[in-house]
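Asker: Letter by letter, the chains look like this.
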Amino acid sequence: MEDPLHRIWIGTESGGLNLFNKYTKSFTRFTHKAKENSISNNNVSGLYYDKSGVLWIGTMSGLNSLDTRTLKFSNYTIKDGLPNNAIYGIVEDENEQLWISTNRGLSKMHLKDHSFTNYDVSDGLQSYEFKDQSYFKSSTGDLYFGGIEGFNVFKPENIKEDNFQPPLVFTSFQVFNKEVQVSSDSSAPTLLSQTIQKQNTLKFHIVIL
Amino acid sequence: MSYKKLGLIWIGTWGGGISVLDPIKNKFSFYRQDPKNPGSLGSNNVWKIIEDEDGNIWIGTHSGGLNLFHADTKTFEHFEYDENNPNSIGSNIVM
Numbered sequence: 000m001e002d003p004l005h006r007i008w009i010g011t012e013s014g015g016l017n018l019f020n021k022y023t024k025s026f027t028r029f030t031h032k033a034k035e036n037s038i039s040n041n042n043v044s045g046l047y048y049d050k051s052g053v054l055w056i057g058t059m060s061g062l063n064s065l066d067t068r069t070l071k072f073s074n075y076t077i078k079d080g081l082p083n084n085a086i087y088g089i090v091e092d093e094n095e096q097l098w099i100s101t102n103r104g105l106s107k108m109h110l111k112d113h114s115f116t117n118y119d120v121s122d123g124l125q126s127y128e129f130k131d132q133s134y135f136k137s138s139t140g141d142l143y144f145g146g147i148e149g150f151n152v153f154k155p156e157n158i159k160e161d162n163f164q165p166p167l168v169f170t171s172f173q174v175f176n177k178e179v180q181v182s183s184d185s186s187a188p189t190l191l192s193q194t195i196q197k198q199n200t201l202k203f204h205i206v207i208l
Numbered sequence: 000m001s002y003k004k005l006g007l008i009w010i011g012t013w014g015g016g017i018s019v020l021d022p023i024k025n026k027f028s029f030y031r032q033d034p035k036n037p038g039s040l041g042s043n044n045v046w047k048i049i050e051d052e053d054g055n056i057w058i059g060t061h062s063g064g065l066n067l068f069h070a071d072t073k074t075f076e077h078f079e080y081d082e083n084n085p086n087s088i089g090s091n092i093v094m
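Sequences listed follow chains A and B, in order.
0 is the number of the first residue of the first sequence in numbering that gives the first Met the number 0; add one for each residue after it.
0 is the number of the first residue of the second sequence in numbering that gives the first Met the number 0; add one for each residue after it.
In isolation and in its complexed conformation, chain A is listed as follows (with noise of 0.2 Å):
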């Protein structure tokens, strides 16, 4: 992956991340370390390097984003709201918004705010697994994302957000399959005759509308 300032990112297997000066031809090597700041994996899968100059660096130990003017290193895994910590592709769309294909499904990062919106099999996905380096975007804007049962493509646009939540409503509650009535008012005595206990049947009806 070339910068703007036409340097060379590199991902390896078990090389970690590798900056490439093509005119003296050699290598920068940006491996773990323990207890210091550095890149979670030394197995990099994907690379993306957004608009306002961070490098998005996919490991098989979560996400990570290196801002290439410090180079101080962050790490986002399950944690943060990631599906999985093995990361293959990372690609943008037009809405400021990363595409991740992991191994437990396809994850939205809002670059805004850095949160997560995951997408599994009851979304579409063609299984929960994807592949290596089976990420593509195409000249329209359509994103492709390889895995082991086929692949997926869409229309970033197209997918909304589910942002409805049903009113949950609590409509009765038993004891022992007796139904306990609800006081007139806030100031009305319980009409709970006694303390519960020692009662195996309670029962709460909840109802979503």
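Honestly, I wouldn't trust all of these hints.
Said to hold, decoys possible - Cut-off 25 Å, straight-line C-alpha distance, at most; resulting in silico cross-link-like pairs (SDA-like, lysine to any residue):
(1) B:K47 with A:M0
(2) A:K202 with A:Q180
(3) A:K136 with B:S18
(4) A:K21 with B:I56
(5) A:K130 with B:T12
(6) A:K34 with B:N86
(7) A:K50 with B:D53
(8) B:K47 with A:Q125
(9) A:K24 with B:I49
(10) B:K73 with B:D33
(11) A:K50 with B:E50
(12) B:K47 with A:S126
Claimed, not checked - Coverage of chain A stretches by chain B, computed from C-beta distances (three or more under 8 Å per stretch; other residues unrestricted):
(13) 2-12
(14) 18-24
(15) 27-33
These are computed hints drawn from the structure, not numbers from a lab.
Every residue gets a Cβ at the ideal spot worked out from N, C-alpha and C, and that includes glycine.
Given chain A, put chain B in place with the hints provided.
Answerer: Structure of chain B alone, referenced to chain A:
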């Protein structure tokens, strides 16, 4: 896959080296590893092909290091891991 300025389509394969398609003539040419020829492709397993701003073709191979294609001689320059040189590439598996 990379699209060269000349309009050629470079296709990396797994096991078969590189195929270059000239879409106008509808003809393929091939580059493969030849152990007797040090200027041949470093490995027939190709992970990645990119074209830089200067029109150079760089090839990441599986176990053959990073290769640079020299269009004038149609040969490949190899950049490989050297345990004695910290400025060499970190691995010969180049993604």
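Asker: A separate judgement is required for each hint: does it hold in the structure or not?
Answerer: Status of the hints after comparison with the structure:
no. : hint               : verdict
1   : B:K47 with A:M0    : holds (10 Å)
2   : A:K202 with A:Q180 : holds (13 Å)
3   : A:K136 with B:S18  : holds (21 Å)
4   : A:K21 with B:I56   : holds (12 Å)
5   : A:K130 with B:T12  : holds (15 Å)
6   : A:K34 with B:N86   : holds (23 Å)
7   : A:K50 with B:D53   : holds (21 Å)
8   : B:K47 with A:Q125  : holds (23 Å)
9   : A:K24 with B:I49   : holds (17 Å)
10  : B:K73 with B:D33   : holds (14 Å)
11  : A:K50 with B:E50   : holds (19 Å)
12  : B:K47 with A:S126  : holds (24 Å)
13  : 2-12               : holds (count 6)
14  : 18-24              : holds (count 3)
15  : 27-33              : holds (count 3)
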